[in-house]
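If you read the sequences in order, they're chains A and G. Under the working numbering, the first residue of the first sequence is numbered 5, with each subsequent residue one higher. Under the working numbering, the first residue of the second sequence is numbered 5, with each subsequent residue one higher.
Just so you know, not all the hints are guaranteed correct.
In this list, chains with the same sequence are indistinguishable; a pair is considered to hold if it fits within one copy or across any two.
Said to hold, decoys possible - Quick list of in silico lysine-lysine cross-link-like pairs, DSBU-like style, CA-CA up to 30 angstroms: (1) 147 with 305; (2) 407 with 376; (3) 220 with 305; (4) 407 with 220; (5) 408 with 166; (6) 166 with 375; (7) 166 with 305; (8) 166 with 22; (9) 305 with 408; (10) 407 with 367; (11) 376 with 220; (12) 220 with 166; (13) 251 with 375; (14) 22 with 305; (15) 376 with 251; (16) 408 with 107; (17) 251 with 367; (18) 147 with 107; (19) 220 with 375; (20) 407 with 305.
Since the hints were made in silico from the structure, they are not lab data.
Each chain, written out:
Protein chains: 2
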Amino acid sequence: MHSPQYYTTIESLAEPAKTRIVYYVADGIGGLTHPERGYSELQAARLPNLDDLAARSSVGLCEPVGPGITPGSGPGHLGLFGYDPVGIQIGRGVLSALGVNFKLLPGDLAARVNFCTLDADGLVVDRRAGRIDDETGQRVVSKVLDGLRVDFDGEIHFIAEKEHRAALVLRGGDLVAEIGDTDPQTTGVAPHYPRALVPAAAHTADVISHLIRDVKRILADEDRANGILLRGVDEYRPIPSLNERFKLRPLSIASYPMYRGLSRLVGMDLHPRTTDMESEIRALESSWSDRYDYYFVHYKKSDSSGEDGDFDAKVAALEEFDSYLPRVLELSPDVVVVTGDHSTPSVLAAHSWHPVPTILAAKTAFVDPVKKFDEGSCLGGALGIRPLVDLMPLALAHAGRLKKFGA
Amino acid sequence: MHSPQYYTTIESLAEPAKTRIVYYVADGIGGLTHPERGYSELQAARLPNLDDLAARSSVGLCEPVGPGITPGSGPGHLGLFGYDPVGIQIGRGVLSALGVNFKLLPGDLAARVNFCTLDADGLVVDRRAGRIDDETGQRVVSKVLDGLRVDFDGEIHFIAEKEHRAALVLRGGDLVAEIGDTDPQTTGVAPHYPRALVPAAAHTADVISHLIRDVKRILADEDRANGILLRGVDEYRPIPSLNERFKLRPLSIASYPMYRGLSRLVGMDLHPRTTDMESEIRALESSWSDRYDYYFVHYKKSDSSGEDGDFDAKVAALEEFDSYLPRVLELSPDVVVVTGDHSTPSVLAAHSWHPVPTILAAKTAFVDPVKKFDEGSCLGGALGIRPLVDLMPLALAHAGRLKKFGA
């Protein structure tokens, strides 16, 4: 996007202030024209509050990573938080561990774990162990930790997440992160061996393979959760925090572990677990104080309905997202950014590269002529079409948090 | 903004031509919606000539340095002249010395000087010495030069600027530029000691401190200008000129020393001092010849009225700026660029990061549908929203001064 000097310049200009910024984020917000109906999800939805805010603000469209790049949630959120996502790659395992608030240390190896059901031949019957409940998840994790007899010259941490999900962290012991996934992504076959993707990872593959076999031994008497599948093994390499970079004291209000992990990665505090939008907005209201000056509020349903290819469900989700906006505005934040981490058009039933409709509301924002909040209308807005990573410096500027540059 | 290769490519394609370009620049041109009135300064102003030119041209909006960055005049003008301002930092002292047409050499140390009034205890009574007139300024500068007895193994140059302002240049003597300002920016206190900001600058601090004391001794019998305050000490590091980079022979027509200094920095000739817009336009008319092919005309009042927070004065300034446009067009330049170095919204009473409305007029320009010259209208223009640094290659291309790239 920009030169490295641009980013270091922004960081050198950032200063603390008493202003507060809210990022009100609908995951996968952008859509595409429905081929029969002739309009997009945002165009179909009744969005009185978003339209009203758009009419009083600068709007535009933000490309999540770059032209043509469809981001996963990781790069999408990194751009959202002001990090050029092209230079940073974070494995799912690290995000899982951060998402359960585990205090990772640099060099830790982390993997995303699914409990699964294996048959007598060791073939995968259910990749999610029948979606065991949280309590069962907690119980089998404890059982594993109590029974482990792996010969490993380091620490093994195993943390239950939600349902069949857990995070595995290996600390010390000279490990190398280039390990293939063991999850075969299908049933009726055996899990993959944790393959070393580079020669130096052979010892690590050995350790993980032993660990998996030991877990099978410990869980042999379980009905459903009698095995584990590993994905996204990666080494934790910390990145500079939002506070270090932009002098922000950020709070994340997100219900899903993935987004909690991404929030932790950039140094946000996590609000104790919320479950739906009502609880998230309550969390925003109750944590509204001088302690924080940047609030990230994450709305998930606009993405999941888009991934399901359900146009009407996405319309309904966007209307729900709209209905909570007044409670955000009631807090009188100095800057409100409404955007997404990427588009998830229901006609594609997947994430996409299309730019994301965006509102930047502040007393210091130019009021452009746009009065509707959708993909087409935002084309006429004052923000133009620009990289998502630009939003953070713009939000900081509009909040009076960037000093003047140069004489 | 762009990769370094983009800039070297532009430079390799630039070639001389018989065409002439005028940059007609209103400092701080862009504004913001007035919260009660509902329109910006440009939207309030009657601008028949700018509107007419906009209707026949490509228009757009230019971000001075990058998203969110509020530029001082230095970075703003560097972008204007086609230099990526993020990589270049120029201290005020260097601009002052260049602005009085002093021939700086690489390595020279330059400072911006204010004569001030000190009381018997050495406290600052008036930071501008009662705004002594130019003649008095010249007299005290000569008096200082005649009387100096500082033990310094190099050259000391001291040049009167305007009223209480002067430039100080130290040449040779192994100096280091990292010296704090002595101007306390307030009255009733003593000037700061010229503090070494890095250990290597200790000797330089010592030299400057002796110099300041010697000046006080020499000026002890003056009523008003009996001391000096230093700001923006910096070392002169030349940058490639407009001629070296773009094969231009540029003339600057600017009344304020700051902009004259910036013009010199990029290798422009300076028109002998002008005082107001009438004299600047006359200077343009009288210097219109084959000798130059790039004319920079700088209008100041749109910025100063914005900084004063005076919406109506800024409207009046923009109308004055508009009224002189026909005389520019009468000369039939091949390319006319109307823009600013940054926005100065009167509702902020300060420079800002907001993009700057811009006209690019040429026979080779696409005539877009926009017929009004203001922030909102320019959103629909052919230039889009882009970095200010893009204007120079666009102006060169529209003037037939960039060769085809590649086979």
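One pair to classify: residue 220 and residue 375, alpha carbons no more than 30 angstroms apart. Within, between, both, or neither? Neither: 59 angstroms inside a chain and 63 angstroms across chains, both beyond 30 angstroms.
When no copy is specified for residue 166 and residue 375, does a C-alpha distance of 30 angstroms or less occur within a copy, between copies, both, or neither? For residue 166 and residue 375, the Cα distance exceeds 30 angstroms both inside one copy (41 angstroms) and across copies (50 angstroms).
Given a CA cutoff of 30 angstroms, do residue 408 and residue 107 count as a within-copy pair, a between-copy pair, both, or neither? between (37 angstroms within a copy, 29 angstroms between copies)
Which holds for residue 166 with residue 22 at a C-alpha limit of 30 angstroms: within a copy, between copies, both or neither? Neither: 37 angstroms inside a copy, 40 angstroms across copies.
Can you give me the call for residue 408 and residue 166, within, between, both or neither, at a CA distance of at most 30 angstroms? Between copies only: 26 angstroms across, 46 angstroms inside.
Could you place residue 251 and residue 375 in one of the four classes (within, between, both, neither) given a Cα distance threshold of 30 angstroms? neither (33 angstroms within a copy, 43 angstroms between copies)
Intra/inter-copy verdict for residue 376 and residue 251 if alpha-carbon distance must be at most 30 angstroms: For residue 376 and residue 251, the Cα distance exceeds 30 angstroms both inside one copy (33 angstroms) and across copies (40 angstroms).
Within a copy, between copies, both or neither: where do residue 305 and residue 408 come within 30 angstroms Cα-Cα? between (40 angstroms within a copy, 20 angstroms between copies)
For residue 251 and residue 367, with the copy left unspecified, which applies at a CA distance of at most 30 angstroms: within, between, both, or neither? This pair counts as within: shortest intra-copy Cα distance 21 angstroms, inter-copy 44 angstroms.
I want to check one pair: residue 147 and residue 305. Are their C-alpha atoms no more than 30 angstroms apart within a copy, between two copies, both, or neither? neither (34 angstroms within a copy, 76 angstroms between copies)
Is it within a copy, between copies, both, or neither that the alpha carbon of residue 220 lies no farther than 30 angstroms from that of residue 305? For residue 220 and residue 305, neither the intra-copy (35 angstroms) nor the inter-copy (72 angstroms) Cα distance is at most 30 angstroms.
My question is about residue 166 and residue 305: at a cut-off of 30 angstroms on alpha-carbon distance, are they close within one copy, between copies, both, or neither? Cα proximity of residue 166 and residue 305: one copy only (18 angstroms, versus 63 angstroms across).
Hint violations for this structure: numbers 1, 2, 3, 4, 6, 8, 11, 13, 14, 15, 19, all remaining hints satisfied.
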